[in-house]
Amino acid sequence: MFTPIVFASILPEILILVLGILILIFEPFWKEDQRRNAGWLTAGGLFTAIIISLLFGQPGEPTAVLGGMIRFDWLGFFFKLLFMFAGAATALLLMDHETAGRRGEAYLLLLASLLGMNLMAVSSDLVMLYLAIETASIPLYILAGFLLADERSTEAGFKYLLFGTLASTIMLYGFSLIFGFSGTTDIYKIAEIFSTGSISPLLGFGLLALVIIGLGFKMAIVPFHFWAPDVYQGSPTPVAGFLSTASKAAGFAVIVRLFFVGLPEFSSSWTLVLAALSAITMTVGNLLALPQTNIKRLLAYSSVAHAGYALIGVVAFSQLGAASVVFYLAAYIATNLLAFGIVMAFSRVTGLEEITDYVGLSRRNPFMALMMLAAFLSLAGMPPFGGFVAKIFVFAAGVQANYTWLVVVGIINSIIGVYYYLNVMKFVYLYRMPGEDEEKHPVPLTSSYSIALVVLVIGVILVGTVFAPFFSWSDAGALNLF
Amino acid sequence: MNFPVLSIITFLPFFAGAIILMMPAARKNETRAVALAAASIALLLSAWVYLQYLSQGLTGYQFIEQYNWLPQLGISLKFGVDGMSAPLVLLTGIVMFTGVLISWGDEDKHVMAGIQDRPREFFAFLFLLAGGVFGVFVSLDLFMLFFFYEIAVFPMYLLIAIWGWVKTREYAAMKLTLYLFIGSVVSLVGALVMYWTQYQNTGVLSFDMLQMESAGFSPTFQYIWFLPVFLGFAVLGGIWPFHNWSPDGHVAAPTAVSMFHAGVLMKLGAFAALRVGVMLLPEGAKQWSWLIMAFAGVAVVYGAYIAFVQTDMKYMIGFSSVSHMGLVMLGISTLNQTGLTGAGVQMFSHGVMTALFFAVTGMIYDRAHTRMIPELGGMSKVMPFATIGFIIGGLVSMGMPGFSGFVAEFPIFMGVWREQWLVAVIASISIVITAAYIMMNIRKVFFSEMPEHLQGHVGDITVLDKVAVATLCLFMVVIGLFPAVMVPMVESGVDNIMRLLGGA
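Chains A and B are the protein sequences, given in the same order. The opening position of the first sequence corresponds to residue 18 in our numbering, with each subsequent residue numbered one higher. The opening position of the second sequence corresponds to residue 80 in our numbering, with each subsequent residue numbered one higher.
These are computed hints drawn from the structure, not numbers from a lab. The reader is advised that the hints may include incorrect statements.
To be verified - Coverage of chain B stretches by chain A, computed from C-beta distances (three or more under 8 Å per stretch; other residues unrestricted): (1) 212-226; (2) 237-245; (3) 250-259; (4) 267-275.
Quick reminder that beta carbons are idealized off the backbone N, C-alpha and C, glycines included.
So here's chain A without its partners, still in its complex pose (with noise of 0.2 Å):
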């Protein structure tokens, strides 16, 4: 049963599972104030786990492990990574949040998440996909209303769990209507069967629907984005941008493997259903962006807006558009964690969320306004950041695919994206705060503040100019699509 390739495949999760130990064994004998240093752990402890998993966890040939539960393959290895690295930058930041920060379970809770979200990446079945799904939901329903003093984190977390739970009960209906017309739950024998023509185009449509309702909620693409917007200005900072990135890119890992791999029998009805939601949601998406005054619902907005661009890539069907979708995330991972992390330590300090509240900025922190410069520019889609490449490769997906008019939409709606980012860099940059000196106010950065926004910050330089080796593994995962 346990070979070295079965070992190695589930590498990254004994990894986390053994730090998840680690800190239930450490959390009871710290102080009250010295349980932030969980975070430290955290954080180290999965940089040290995407290490070793580069060094021994590197998958080969795909293969399917466990009984063909788990396929072993660049395209979940490559999520897993991305996964973990947001995992320890949400720690980080995490760390001087004033309540969350000094509570074990939070961290315990994110490992807990980052688990089921590594195995939704690399699940073949639909069994152990559901099973994954809830690993990876529950743990952030509860972190959504940690704050328990506050009632908006109440109201998220409670949000969050109702249409949660909603979502993945018509997603399960959905599997399980896959199970009864295919008569398997494993994702590359679905596709098989439903060669055969067993079933009309309109059941599977149906079918579809439901699964889409199901990932569409998690990647929050319209018409189910109505939670994100309270969710993310509910829940702690922190979390809101574990939320905006990894559990949406966890989403669009069970999307592109489910839809390339299971059911390429109806692409035809949806990609063109893909095409109309991704349409919609970078519009309404970024027409609901401009008119927001709170910093957290702007970028709640505007990350609505980014999973339409993605699904761009899910649209084409195709080996670059699948490699673009992955790119993409990538990019974006890095890119949001940065705008929330730099959310996060302006309101720790000032304790305001308010886009109006940032005047000044460059005079009190001329570091952090740099960074938050870089992570509004990569949202824009502007070089040498990682959002203009991103953009650009899925772009040149669609057009691959003839999607030529679904690009322009997004083209459109980049420009309106434009422009309300650099609104957001003019209060930054060009206000000043009236009658004060800024000098005098200064917005300090924690270490564990500076360490993360640093490495982020160069994370989105290097997909933005070195973005060779990132596309050639977003390549090789799609590569095991086809």
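Given chain A's structure and the hints, the job is docking chain B onto it.
Below, chain B alone, put in the same frame as chain A:
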């Protein structure tokens, strides 16, 4: 050629900008010194490239460097210059150098010239812009061209919005950014379509523009896609009717940024439109040249007329840029040897000239605190050096023989005459209007009686300002007197374009 001079020129500003950002904010003079040193090296290197190209009588693409960047998609870092781009690289070096000199400023007196507020960030963003511009001029890979093109666009927003003229900077900066971004993404769609069509036609997956020249795009394809690609870039070249952002941007920008904007950035648009639009889609260019010619013709006359009625010096120069860039577009639209050569020289000549105009206007504004022509006067007495500079610029602008403007504009009109004599006649009206507003401006601002409230307050320009003015004047005079230092080189670049156009 083993020495990777072009990549050094391109990446030097980025590294210098990063170094400047790491310096302590209070060390303003050290920051400026580092900036000046980097700009001087960039100027020397670009001059070296130019002189090598010239003295060895080279033709075609030279100093080629190629590094694989993303082989799967055929993206490579491919640099090279030809007779068309080598002068523009030199131009960028000149404007970068003089721009830094002008921004040094004068801290002691009540002048407050140059950049006194956060010079560290200013120079860093300016260098990011400069690096992007160099990158576009030397890129032979379409992907990298877009990469650098966008890098050149967004620092403009910050430079104008942060250090610009308080009254209009927010509006102007946003307008400029959105116009340019819309233009560039429209071209981007065209470029992606070209990329995949090439793949379908030839099976080659590559963004290399030299390969795309022989991608075998069908005439219908070229007919459809030429306009989006050409006009998308030409927005940055200030082509009528998409010129609207440009004068507003000039006016709102701080002096050095106005110089960059009018002197170099607008050339970026014209150059990219030429290289991607005309050279990769020559059949499309032939079919649409009438429209480009019409747009450019309107820009030339309309821009000159609007410049004539302005009372704000910066608006006047801004609209004169629209008019002169119209001449560049007019030269491109002829698609013949003479017109294109004129356009190539005009890009350089106008770049230097308009940088000089904006520099002198900035010096006057910093001291007199107004740019309104009716409120100024008698500047020749307090700043004789700047006056001489402005007059030389004016002569270039009017196209006087003996200055670079003549060398550039005469061939353009000849080229246009050969294609469509009526346009040449109408466009030549602009020469008269230009002469009128330039001379009226010189008379009023420099030679009339100085208004009383200015007397005693306005002093001479600094030594660094003088160096900048002298550098700019030097190039205009040398090219005017010895056209052979530039015209044959541009012609060699044009030969290549003519080959793609089918040797017409």
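Cross-check of the supplied hints:
no.	hint	verdict
1	212-226	holds (count 3)
2	237-245	holds (count 3)
3	250-259	holds (count 3)
4	267-275	holds (count 6)
Violation of the numbered hints given earlier is absent; every hint is satisfied by the structure.
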